[in-house]
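Chain by chain, the residues run as shown.
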Amino acid sequence: MKAPLVVIVVIVLGILGFLLVYSQQHDMPAQATQGHGAPSGGYGQAPAAGGYGSAPSAGGYGHAPASGGYGAPPSAGGYGAPPTAGGYGAPSGGYGK
Amino acid sequence: MAMKFEKTGEGIYMLDVCGYVCPHPQIYTKKSLEKMAEGDVVEVILDNPSSVETITQMCDQVGHDVLDKKTEGGKIYMKIKKG
Amino acid sequence: MEVVDNTEKRNKIWAFLTTGILILISLLYYKTNVYYIYLVAYIWFGFAYGMMLQYGRFCFASASRDLFAAGVPRMAVGILVALVFFSLIQATLASTNMSTFHPAPFGIHTLISGMIFGVGMVLAGGCASGSLYKIGEGNGTSFLAAFFGLCIGQAIFVDVKWFNFLVPQKWIDSAIAKGLPADKLTSSFDTYLAGYVWNQPTLQLSQTKTISEALPGAAKYFIGDSLLNALIPAAVLLIVIYAFYIRKGFMKKRAKAKGRAMGFSDEFTGIWNMITASKRTTIMGVIIGIVAGLHIFVMKGMQIKFGVTNFGQLLTRMGHASDTSIKGTVFDPGYWYITSQEGQFGAWILEKFGWNMRDNIFFGINNGIPEPWRNPALWMSFGIIFGAMVMARLNNEFKLKLPKGELIVWGLLGGLLMGIGSRPALGCNIGAFFIRVAGGDPSGWLYGIGMVAGAFLGVKFFNWWSERKMAKEMEAF
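Chains as they are written, first to last, in the numbering used here: chain A, 1 to 97; chain B, 1 to 83; chain C, 1 to 477.
These are computed hints drawn from the structure, not numbers from a lab.
Do not take every clue at face value.
[As the list claims (entries may be wrong)] Examples of chain A residues lying across from chain C (beta carbon under 8 Å, computed):
1. P4
2. V10
3. I11
4. I15
5. S23
[Unchecked claim] Simulated coverage check for chain B against chain C, where a stretch passes if three residues somewhere in it have a Cβ under 8 Å from a Cβ of chain C:
6. 31-37
7. 40-46
8. 57-65
9. 73-79
Yeah, the Cβ is synthetic: ideal placement off N, Cα and C, and Gly gets one too.
With the hints as extra help, turn the sequences into a complete structure.
Right under this line is the structure:
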């Protein structure tokens, strides 16, 4: 093998090696834990076993996902659920008065 | 059009399949060799590296000789003698 | 000579420049948010795949053609070797609960879609991954196939109602019964997915009742998934290929050289000779198998590290919920996979032209349409292109090849068939064949059989076509 090829192979191996080690250190990095609201409720949450193409073994299409997920009314706001307060069609206030 | 197969001399041929991808170059090479007489030589010009690997092995198995193989400016030139 | 040296020098510079820019991009991502390291992992595994595919001259498209017509088993051997190693690692990961593998619903559709894909990859001159790495070699035909077929064609295919005449009422009823939001159940493909595919069974040998009861612990993965589904079939195929295509010629040569009767040990030498005949391809097969296994390990590790099961959750945490589907997911296979991300890219482009691409299951419910720079799997595809480009540059095999004449037609048509053929079975030759076979899902073989049959048809057509063209050329002399 030619020298430049060796250099690039070594670089790629180094990066993959880093990713390998990094991905197995399961203490959450500082940046990840702070600040971000926990993804509770809402339609932002994925069902337990997810991806397209996977068998709907758990969660999945057609079943209501364990938590959150589309199909089940999200706990707060979110897709398909009527807004708790205000909004169109709410009994108090607004239209007709 | 794109592909060229010419007789450039007595028992010497030229096959130009530049621009072609798998499996065209190897199909054309095989067909050219079938049309030639034993001992004739064809120079194949192609630019699809993965075909070169297949053509080399094909010649090895059938008994053709790869006389020469060189890469220049991204094109590969192969001289094959029909055996 | 001067000219050649200059190109070599320029190629080297380009190779280092490309790698350097990708490293820079990776660092920028990491700096923006540590979560992006998830995406960076996809970039570099893609890069590695690209380098290996290019170096090993992988060409799924010609695997069966080379074998049937020319008797060259190079690619078939390379693929089977990769499969053996990948399945062993896959079993190791499964037994330590580090696998991201899911079996797929199977049925007759798996076979049919394999066939369509098989014809497509022969016409286009490369499978889905193959086309990507050939773009890296500068191949314009592959670009047409990937861009117009896999990206745009595929995105349109999953969004249109054009195929409703193929959809039986039974599927429509079954799809509606799933209670999906009506505005996401609009295309022919939606009805097919929800009304048919989701009703099909899935099978993974280690999860079957017989095997999981008979074999405790890790053994069920190694024996059920790896040995039964991958190793034994691969070995049988190797022996069959040897017996049909290689044995006769090899034995004749060897008997002549040795001047004695041939025995059993000579058969083994013959098989070994066949496996090592194309060292590049076989060695890369081994390494690709191992790297593909490590890829799963890394992605699973990242998921555990960040406490997610899909990159969509990280995108949402970073405030990019609009990238995701209504389930909050994006396409994130967790392993080597091509085609779905190209479809997303196509959909992203079509959206810019005012097309509503989210009113379907594929993008709206499952995969989302992330901005291309936040799409992890798409970055894997870019990685393959750039990895192959770097490798081709280093070997002085890079050359811009603009498509011309008939090749434009083959590229477009083949790409379109690949785009369509990869959807009904939920994957291409990698996602639906390679990964599934190694993971213990027999439906992978079904797809493989379809693919070989389709490739055979494609090659038959090309044989006829090239014979015609040769005859025309020969008229001259």
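Test coverage of the region 73-79 of chain B by chain C using CB-CB distances below 8 Å; three residues minimum.
holds (count 4)
Let me know if the C-beta of I15 of chain A comes in closer than 8 Å to any C-beta of chain C, holds or violated.
holds (5 Å)
Restraint check, 8 Å cut-off on beta carbons, for S23 of chain A near chain C:
With a closest approach of 3 Å, the S23 of chain A hint holds.
Given coverage of the region 57-65 of chain B by chain C, checked by CB-CB distance under 8 Å (3 or more):
With 5 residues closer than 8 Å to chain C, the region 57-65 of chain B meets the three-residue bar; holds.
Given V10 of chain A was flagged as interface, is its beta-carbon under 8 Å from a beta-carbon of chain C?
With a closest approach of 11 Å, the V10 of chain A hint is violated.
Interface hint outcome for P4 of chain A [beta carbon to chain C under 8 Å]:
Holds - the Cβ of P4 of chain A comes within 8 Å of chain C, reaching about 5 Å at its closest.
I11 of chain A as an interface hint toward chain C, with CB separation required under 8 Å:
This interface hint holds because 6 Å falls under the 8 Å limit.
Is the coverage entry for the region 31-37 of chain B by chain C consistent with the three-residue Cβ rule at 8 Å?
As far as the region 31-37 of chain B goes, the hint holds, because 3 residues have Cβ atoms under 8 Å from chain C.
Can you tell me if the region 40-46 of chain B counts as covered by chain C, using C-beta to C-beta distances under 8 Å and a minimum of three residues?
violated (count 0)
In this structure, the hints that do not hold are numbers 2 and 7, in rising order.
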